[in-house]
Amino acid sequence: MAEAAPTLVVRGGSVVEGGTSTRADVVIEDGVVVAVGEGLDVPAGATVLDAGGCLVSSGLVDLHTHLRQPGHEEAETIESGTRAAALGGFSAVMAMPNTDPPIDSAAVAEEVLALGRGCPCEVLVAGAITLGRRGEELAPLRELAALGVRLFTDDGSGVQNGALLRRALEYARGLGVTLAEHCEDAELAAGGAMHDGEWSSRLGLPGIPAAAEEAMLARDLALVRQTGSPMHFLHVSTRGSVALLKAARAEGLPVTAEVTPHHLALTHAAVCGYDPAFKVNPPLRTMEDTEALARALADGTIDAIATDHAPHPPEAKDLPFDEAPPGMLGLETALSVSVQALRGVLGAEEVITRLTTAPAAIARVSIAERPAATAQGGPLVVGAAGHLCVFDPEAAWTVDSIAQASRSRNTPFAGTTLQGRVRHTVHAGIPVVLDAVAQR
Amino acid sequence: MSVSQVEAELATPPRVGIGPHLLSVADLGADGIAEVLRVAEAFAEVERRSIPKVPALRGKVVATLFFEESTRTRLSFETAAKRLSADVLSLAVASSAVKKGESLRDTVQTIEALGIDAVVLRHASSGAPEQVARWVERAHVINAGDGWHEHPTQALVDCFTVRQVLAEGAKVDPATLGVSCFEGLRVVIVGDVRHSRVARSEVLAYSALGAEVVLAGPTSLMPANLDGWPVSVAEDLDDVLGSADVVSLLRLQAERGSGSFVPSLREYTAGWGLTRERVARLAAHAIVTHPGPMVRGVEIASDVADLPSVVVTRQVTNGVAVRMAVLFLLLGADSALEGLGSTRG
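Going down the list, the sequences are from chains Y and D. Numbering of the first sequence is given in the working numbering, commencing with residue 1 and proceeding in unit increments. Numbering of the second sequence is given in the working numbering, commencing with residue 1 and proceeding in unit increments.
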């Protein structure tokens, strides 16, 4: 809150809380919400943002963002990535540690945190579980936790060595942190380029079976049971994983899970033209999987939506399908795609809860862990941080991969017309996106 | 067919338009396959002439771009192009800019800038020809084998060869058989279907023509999922050999890692090899095809490979006529009309 923020009135929208919305204006002063209610007076000199017909919520929180800096600035920087995040309505993103060097030391974590200051959304840092993400020795979890790191993951791959992961879970107890797994058995997935099924068989592409994810998830659940330490599961993609998580939750294991917008919206049939824009890990699965994921999100088996925003420059994606790296952009389209994909299963307000309250709790940045004035994920009440996402459910827009704020263009939704768009984003009381245009 | 009949045939506009690319057998459909076979029959006639060359594609440039080792397919395409009087640009990947880190897209756009009319592409990555077809502006793209995906001209060669043998058996001209001779034919494809681009193209071609396709091989070498494939699967080769009209043997592709899919070559041969004992169970009229290169002693016993019912050499010979037909049909019969006219004039 270095800048002197003017008084801001967001007028004419409906404030989202607990999966429903109520007509209310929001007034923010000095970066903090000072009034929420219908027909509030506009203080003299205040800036007014029109939110007519819009859903107004706390800023979105992304649990899974690849900002690529340090090391792969040709794909994304913290500056470009947070601009993309702001355009998507996010007020916090969790930077994944698979940078180069990886975030496995205090020095790198501090660099990323420093680069994140002054950006149009808060940059949270996830640390690696193992040094170099090599799966051999533990990273300095305690030292990183002292810098504010609350989530640890070797994302990009899972920790293949079960004994090492068990030690990590035990060591993490008492640090107030959560380990997160990219569940993928490296041997079962070896060489795979897409989901192992009908389309991989037809297209002649090596497949990644659902069992590669489910086998590691089952092992990890056994380790959670063994250690009692909490665990978060990244980008769950199969109906078998949903069944495992459902049983684990019924048993009372301390587990949480996320799903990406693309795993809700797309299936492996999208690979039919060999466009590497549709190559992602875990791979796009079947229609039965997408349906099971949507139901799991609705019934609470899966807590949150997370983007797995994974930028790659055009030259990296302009390759034969099996040679191109996996990954898709996600920040700028996340809310629109999720609302559209979940239509008939979850209303927009419920979708927003899974992009605010739920991920903020998993990231340990919610009101339960932080003072209200700096907490992420709401609730949007007097005293809360002035982070807002103003979403117009009626606005239709066509995704232009070149016009995206990201340095990369690898959105699978290029040319797609989406219904519903983030109209304004406010971060710490400052409008960083106005009428879908980034202000810096 | 006399020389003038051949040329009259070639001068007739194609009965079915094909193209602009040949990426998959699915691009052709039954009518397209029939048209390729019809035109190939005419070119087979050209090949028997003392000077087996026609000016049909004079002035056209065909580039062969092979990112994977191949002798027969590359030579076959280049021979076909030369017999049609096209200029052939043969890009040796080993000595090209590709080795300096140039991308496939840039390589293709560079050679297209040289004014080529067709790219014949062989690539280890499934789908590469489809991607290349999106990157070129006007060149025709012909898939000469992509990863595990497809090898359409090989399947066309196999259909052509099978029809030729059937015609000889019936003592008729193959052209008079059309493609009706494939209806109800039982084709058994044996072996490493999972890693085989020939198998995927053959399944599409034979089933489009009305044949009944059976896949036989250990499940570890079958595709993971056969939903939507117009095939049945035999778990025991000996159950289906007796009723087979055509047996298509596939090579066990050790270089694609299929070695770990079966315990040993010995065990593979015992279960799925075309041994002398198994040949004895084949019907007298059964035809055995193999896309080559054959590994004698693994998928086929050495003395079986030399039996007259094994038509491997014929497949190689026919490869040229079939690829001439594909090039001719894709690169346009219009210019061919002029070319043929001038030879006769």
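Please keep in mind that the hints were generated in silico from the structure rather than gathered at the bench. Because the structure is a prediction, the values reported are computed rather than measured. Ideal placement from N, C-alpha and C gives every residue a C-beta, glycine not left out. Please note that the accuracy of each hint is not assured.
Claimed, not checked - Some but not every residue of chain Y turned toward chain D, in silico, with C-beta under 8 Å:
#	residue
1	200
2	207
3	288
| message | Of all the hints numbered above, which does this structure not satisfy? Sort the numbers upward. | response | 3
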